[in-house]
Amino acid sequence: MRKLRVVIAKPGLDGHDRGAKVIARALRDAGMEVIYTGLRQTPEQIVGAALQEDADVIGLSILSGAHNHIAPKLMDLLKEKGLDDVLVVIGGIIPDVDVPRLKEIGVKGIFLPGTPMKDIIDFITAHARVRV
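The sequence shown lines up with residues 1 to 132 when you count with our numbering.
Hints are not guaranteed to be accurate.
[Said to hold, decoys possible] With a Cα cut of at most 25 Å, we get these calculated DSS-like pairs of lysine-lysine:
1) 21 / 3
2) 118 / 21
3) 73 / 21
4) 108 / 73
5) 103 / 118
6) 108 / 118
7) 3 / 79
8) 118 / 3
9) 81 / 103
10) 108 / 3
11) 108 / 21
12) 103 / 73
Hints listed in this document are in silico derivations from the structure and should not be mistaken for laboratory results.
Using the sequences and the hints, build the whole thing.
Written as structure tokens, this is what we have:
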């Protein structure tokens, strides 16, 4: 069976990517293939990377509060490109009031600061599409 392929992205104007890099390393150490797209990615760039890299998972790191703008656009683009089976997870500062809407549009996992790495790894392993 092939390794899970995870695209980690920092969308929007937030320039703080330490958390994204820590997550990327933890996922890699757990046996996943991780592609980090870098800072200030647009939804179009993230979906393009997921398509090009044949990603099973997209992990967004958002600390700027832009999740209500970025996530719906990203989910629409994934549907347009036929990638609606790619698992989307978000980590960062997400107010409780925003969680139901994010889940409604298809974001499967939401992880706040302080979430144990094992919980994130286990969630991705359990929910990502399996391909041979």
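Outcome of the hint check:
At roughly 19 Å between alpha-carbon atoms, residue 21 and residue 3 fall within 25 Å of each other, so this suggested pair holds. Note on residue 118 and residue 21: the hinted pairing holds, with a Cα-Cα distance of about 16 Å set against a maximum of 25 Å. Distance check on the hinted pair: residue 73 and residue 21 sit about 24 Å apart at the alpha-carbon level, within 25 Å; holds. Annotation: proposed proximity of residue 108 to residue 73 holds, straight-line Cα distance about 15 Å (limit 25 Å).
Among the hinted pairs, residue 103 with residue 118 is consistent with the structure: their alpha-carbon atoms are about 21 Å apart, no more than 25 Å. Of the pairs offered as hints, the one joining residue 108 and residue 118 holds, with about 17 Å between alpha carbons and a cut-off of 25 Å not exceeded. For the given pair, residue 3 sits about 23 Å from residue 79 by alpha-carbon distance, which is consistent with the 25 Å threshold. The straight-line distance between the Cα atoms of residue 118 and residue 3 is roughly 17 Å, inside the 25 Å bound, and the hint therefore holds.
Note on residue 81 and residue 103: the hinted pairing holds, with a Cα-Cα distance of about 20 Å set against a maximum of 25 Å. Taking the CA atoms of residue 108 and residue 3, the gap is about 20 Å. The hint holds against a cut of 25 Å. At most 25 Å may separate the alpha-carbon atoms for a hinted pair to count; residue 108 and residue 21 meet this at roughly 21 Å. A threshold of 25 Å between alpha carbons decides the hint, and for residue 103 with residue 73 the separation of about 14 Å falls inside it, so the pair holds.
When each numbered hint is compared with the structure, no violation occurs for any of them.
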